[in-house]
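Residue-level listing of the chains:
Number of protein chains: 2
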Amino acid sequence: MKIAVMGYGTIGSGVVEVLKINHEKIARRAGENVEVKYILDLREFPGDPMEDKISHDYQMIVDDPEIGIVVETMGGVEPAYTFVRAMLEAGKQVTTSNKNLVAARGAELVAVAREHGVNFQFEASVGGGIPIIRPLNKCLTADEIEEISAILNGTTNYMLTKMADEGADFAEVLKDAQDKGYAEKDPTADIEGHDPCRKIAILTSLVCGKQVDFEEIYCEGITKITAADIRYAKALGRSIKLLASSRKEGDSYSCMVAPFLLPASHPLCGVNGVFNGIFLRGNVLGDAMFYGSGAGKLPTASAVVADIVDMVKHQHTNIYIDWSPEKMELVDYKESKNAFFVRTSSDAAAVSKAFGSVEFIDIGMAGETAFTTGVMTEAEFEERSAGVAVINRIRLG
Amino acid sequence: MKIAVMGYGTIGSGVVEVLKINHEKIARRAGENVEVKYILDLREFPGDPMEDKISHDYQMIVDDPEIGIVVETMGGVEPAYTFVRAMLEAGKQVTTSNKNLVAARGAELVAVAREHGVNFQFEASVGGGIPIIRPLNKCLTADEIEEISAILNGTTNYMLTKMADEGADFAEVLKDAQDKGYAEKDPTADIEGHDPCRKIAILTSLVCGKQVDFEEIYCEGITKITAADIRYAKALGRSIKLLASSRKEGDSYSCMVAPFLLPASHPLCGVNGVFNGIFLRGNVLGDAMFYGSGAGKLPTASAVVADIVDMVKHQHTNIYIDWSPEKMELVDYKESKNAFFVRTSSDAAAVSKAFGSVEFIDIGMAGETAFTTGVMTEAEFEERSAGVAVINRIRLG
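The listed protein sequences correspond, in order, to chains A and B. Everything in the first sequence is counted per this note's numbering, starting at 1 for the first residue and increasing by one. Everything in the second sequence is counted per this note's numbering, starting at 1 for the first residue and increasing by one.
Heads up, some of the hints might be wrong.
So the derived list for chain A, only partly shown, Cβ under 7 Å to chain B, looks like this [unchecked claim]:
| id | residue |
| --- | --- |
| 1 | A27 |
| 2 | G129 |
| 3 | R134 |
| 4 | C219 |
| 5 | V305 |
| 6 | A389 |
| 7 | I391 |
| 8 | R393 |
These are calculated hints, taken from the structure and not from any lab test. Beta carbons are placed, not taken as given, at the ideal position from N, Cα and C, and that holds for glycine.
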């Protein structure tokens, strides 16, 4: 089996490396050797062992009948979408690690693949090396998945873990994460939650079989989390985690990305550092969790190569993926229900007047009153909190 | 699709229930309706809604060309083996939840299924509802799995959790587990580790593609764990877990079932109560963990029904499972290396004489000396510990 890799960055070079490291095992699993014939990239890589495979022309790959599988690790929606679509239409199978492409065009590309009797797979687009896409499509098929709560961004989880461990403040740990290469120069997609937002849109789409648009998911990052919030979390026996969540409500879903205060007993509470965890609840399975490296060169490449093996074994069979382009109308986030932890500069009397009976928490922070509320809709919380001067509020998980 | 269920006990009736509860969703996923035509059981079930489907004659199922899939939830090796083999030879697909059957005859039944162009699947035989068999076969195909460490028995994990939470002793929590229906009247298979031993044999077989005989795995249960051990564990900041483990060593594997003292940072340390957890390490994936309900009627049935859905979609295609009957010779357990926690009635001088430099732990237990050793082979440990009077010893994870 001859393949092409589009995009020779971190993941693309990881795919080449994994195919080399585990060459024999992969050949045994796939039933034949897997060999990289082209690497598509705008750049040159003088001195690289794969130098002679570099190509700048995607049409050459489209036109080469020897190429059966194409790996897309370029990132971004364009030109990835154009290239991937052309490959599928030329009868080639495609695997991608690109969450932006899958969130924006996944349902469509699944349909194009089906029309052409090939496969479009994307295990690495969510949760890095953690098997989650294939388990949802192939393993949890007996269940109605009622809830997904997931830590899907390793950068922010690293930052929150470090804040909790060291009492450090946001700006400090962001700089550390950037120094370590976990966070990019422009960290917006991570710290504002845009990355996990796309990922939970993909997972929810697979759970309901329809198109969930990430643009319609309420999304809040971790930029407002301070060392003081972490101190309160510890007093509450909880950890702050950036959760991407999805809950079935009637025939629809309530989705959200936001920091949550999780109790120590929650399986996601122990997911620390750059690791990811995907907790889900099935109506017959009950609770389950998948844990592992949510990013990184080799773990992510491991998921891409698992797709390659699956596709070598399904060269002439479309593996059914239940994801139609029909749009799933999400529940308005203002109707979703949560309990809240709130810090305010108002006094206890004002809090009680606005919220009624609450539980106050005093850790000796001057000039503020902190409390937790019962469960209410986001709309109700907004209304009630208008009566106090909120410093910060975090939902309780 | 018409199916037959062999064995109308807890899991078998759970399968019938799951097919009913999620009927529509399962039909959409499978591409057709799944209907139970026969239930094979020695007993009668007067008044049961499925009463008229009860059959006492497996040959009737073998001979009925309408039956495409057979579910085996009888337990035990015989007559399950005879029945399953006959079904496969008659061109029917089979899924089983029966670890005894799979550990003893799995490789053979995989081969029989392949010969007849059908499938033999067994997702529910390990880890109950947790997807682990299919992830190993279909998802982690790019990796060399170097280690599996797993909590595969919910009964003993419930007991150890309760001992840790309440300081209770073994006999007391065993009675409680029996009262709650988690432990059987004869709890041997659970508390002596025979159940996780078969399960780790199955997982290791799938990892190496050869037959791992459970009889050759060193197996130690939890019957020697006392409230005193739990007190020491807490002093060490660790939890005692019954681990089934498998480590790649050269071209072979070192397997063991035994209680281990796990540090709080280990992902399995937070797996409490009746839950199971399967931690694994791939050479490119790194660390991953699968967590969920390892037993119970509906979770286990969920895994069986996921097999059914997969088999409906592969009615005329054998899904390749890499498990040959060729025997894998395991590393002699005496050569496997561990660090140990030891309690002895000998004094510190005798301990130092036997073990050299160790770390002593004093929690004020009269009449004993406790310590932890460095890493050594089991053989070396046996030799050294002959020089002291050992009360108990537990390996460090």
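Results for each hint:
1. A27: 11 Å, violated
2. G129: Check passed: Cβ of G129 (chain A) comes within 5 Å of chain B, closer than 7 Å.
3. R134: 5 Å, holds
4. C219: 27 Å, violated
5. V305: Holds - the Cβ of V305 (chain A) comes within 7 Å of chain B, reaching about 3 Å at its closest.
6. A389: Not OK, violated: A389 (chain A) not within 7 Å of chain B, min 38 Å.
7. I391: This interface hint is violated because 32 Å lies over the 7 Å limit.
8. R393: 28 Å, violated
In terms of the numbered hints stated before, the structure departs from hints 1, 4, 6, 7, 8, listed from lowest to highest.
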